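K.L.:
In short: position in the sequence shown from 1, add 8, done, that's my numbering.
In short, the hints are calculated from the structure, not lab data.
Since the structure is predicted, the reported quantities are computational estimates derived from the model, not experimental observations.
Even glycine gets a Cβ: it sits at the ideal position worked out from N, Cα and C.
Please note: incorrect hints may appear among the correct ones.
Across the chosen pairs, the derived CB separations fall in these ranges [said to hold, decoys possible]:
#1 Asp68 with Thr178: 49 to 57 Å
#2 His254 with Glu18: 51 to 59 Å
#3 Phe250 with Ala53: 36 to 44 Å
#4 Pro180 with Lys146: 40 to 48 Å
Listed next, the in silico PhoX-like pairs over lysine-lysine satisfying Cα-Cα at most 20 Å (straight line) [claimed, not checked]:
#5 Lys284 with Lys131
#6 Lys146 with Lys70
#7 Lys229 with Lys279
#8 Lys135 with Lys279
#9 Lys131 with Lys274
#10 Lys43 with Lys113
#11 Lys13 with Lys70
#12 Lys284 with Lys135
#13 Lys227 with Lys274
#14 Lys284 with Lys146
#15 Lys136 with Lys284
#16 Lys13 with Lys146
#17 Lys146 with Lys135
#18 Lys113 with Lys70
#19 Lys189 with Lys274
#20 Lys136 with Lys70
#21 Lys131 with Lys146
#22 Lys284 with Lys274
#23 Lys274 with Lys229
#24 Lys136 with Lys279
#25 Lys136 with Lys146
#26 Lys279 with Lys131
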Amino acid sequence: MQDKKINYFEVIFKSLFSVAFMLLSAYVGMCFTGKLGLQIALTFAFSLIFTVLADLGSVDMKYLSLAVSFSVGFWILYAVIGQMLLKHTFFIFSTPWEFMFYYDKIGMVFIVMIVVTVYQRIKAYIKKDGEINGEYRKFYSVTSAAFIVYYSVVLLYCFFISRTPSAEPTPPNLAPFDAFKVTFLSGYFDYERLILFFGNIAIFIPLGYFLCHGLNRGKLKILLVILPIIISSAIEISQYYFCMGHPDVDDVILNVIGFYIGVLMKILFEKAFPLKD
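Given these sequences and hints, build the entire structure.
P.N.:
Structure representation (structure tokens):
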């Protein structure tokens, strides 16, 4: 029996299509910074359309895995190296909306990956095929690892590399729930403060969602409880120690809430669409 010949044109086309659709879907949303609703709608729509087209074109999950890894690497290089070349400096921001790795940029990449992984999970659930389930698990493992790498670079870049240290550390805010009082009980509406409040929650949702994949088992479950507290506290303490940013206990509280929301989303989704071995 002869081995099936490899169609290199098909391999190249499917690889390029997968990479292009992931990059384009995220980029469309990134073009409308400041209009969060439009960003989410466009990124979701483009991601879903391209994911359906990929499925209709029989694009295997191995190509999607390649695309996920490449697109994550691309956004890291684009944001860091690209901004260095254009701005001639590593410290690229002058307002919260200008630098590449702000909350909305993380969100756009996250939405693309969520749409693709959720679609593939539901497809595997419907087909109830052991081989497809195995392919999905491999694909999801690659997606989770790629996003966590991307997210780690984002945190390092946003909170430390791109910031210029001040001469003196900013006194930390140790009064819990002060952000809630100022945002919702101050008597006036402040859009930027509202975005900052929910942004501190949203920025940790992707981390909880993807880390739940590897940690929601056995003794590792304890890490799902303490890890967000450790990570967020370390960021705030480092900001104070290195004189970068404004350390705030409310940031820790909101980050932890966001992480747990991500974990809950993942657990509920897996229960809704269970896969058999």
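K.L.:
Now tell me if each hint is right for this structure.
P.N.:
Now for the hints, and whether the structure bears them out:
As the Cβ distance of Asp68 to Thr178 is approximately 51 Å, the hint placing it in 49 to 57 Å holds. At about 53 Å, the CB distance of His254 to Glu18 agrees with the hint of 51 to 59 Å. Phe250 and Ala53 have their C-beta atoms about 40 Å apart, which keeps the hinted 36 to 44 Å range intact. For Pro180 paired with Lys146, a C-beta distance near 44 Å keeps the hint of 40 to 48 Å intact.
For the hint pairing Lys284 with Lys131, the CA-to-CA distance comes to about 13 Å; that is within 20 Å, so the pair holds. Note on Lys146 and Lys70: the hinted pairing holds, with a Cα-Cα distance of about 9 Å set against a maximum of 20 Å. For the hint linking Lys229 to Lys279, the alpha-carbon distance of about 17 Å falls within 20 Å, and the restraint holds. A hinted pair counts as satisfied when its Cα atoms are at most 20 Å apart, and Lys135 with Lys279 qualifies at roughly 17 Å.
Restraint check for Lys131 and Lys274: satisfied, since their Cα atoms lie roughly 17 Å apart, inside the 20 Å limit. Note on Lys43 and Lys113: the hinted pairing holds, with a Cα-Cα distance of about 12 Å set against a maximum of 20 Å. About 18 Å separates the Cα atoms of Lys13 and Lys70, which keeps this hinted pair within 20 Å; it holds. This hinted pair checks out: Lys284 and Lys135 have alpha carbons roughly 11 Å apart, not beyond 20 Å.
With a CA separation close to 18 Å, the supplied pair Lys227 and Lys274 stays within the 20 Å bound. About 15 Å separates the Cα atoms of Lys284 and Lys146, which keeps this hinted pair within 20 Å; it holds. For the proposed pair Lys136 and Lys284, the alpha carbon gap of about 7 Å is at most 20 Å, so the pair holds. For a cut-off of 20 Å, the pair hint linking Lys13 to Lys146 is broken: about 24 Å separates their Cα positions.
A distance of roughly 17 Å separates the Cα atoms of Lys146 and Lys135; the hinted pair therefore holds under the 20 Å criterion. Only pairs whose Cα atoms come within 20 Å are accepted, and Lys113 paired with Lys70 is rejected, the gap being roughly 25 Å. Of the supplied pair hints, the one linking Lys189 and Lys274 is violated, its CA atoms being roughly 30 Å apart against a limit of 20 Å. Restraint check for Lys136 and Lys70: the C-alpha separation of about 19 Å stays at or below 20 Å, so the hint holds.
This hinted pair checks out: Lys131 and Lys146 have alpha carbons roughly 15 Å apart, not beyond 20 Å. For a cut-off of 20 Å, the pair hint linking Lys284 to Lys274 stands: about 17 Å separates their Cα positions. A threshold of 20 Å between alpha carbons decides the hint, and for Lys274 with Lys229 the separation of about 14 Å falls inside it, so the pair holds. For the hint linking Lys136 to Lys279, the alpha-carbon distance of about 15 Å falls within 20 Å, and the restraint holds.
A distance of roughly 16 Å separates the Cα atoms of Lys136 and Lys146; the hinted pair therefore holds under the 20 Å criterion. Only pairs whose Cα atoms come within 20 Å are accepted, and Lys279 paired with Lys131 is accepted, the gap being roughly 15 Å.
In this structure, the earlier hints numbered 16, 18, 19 are contradicted, and the remaining ones agree with it.
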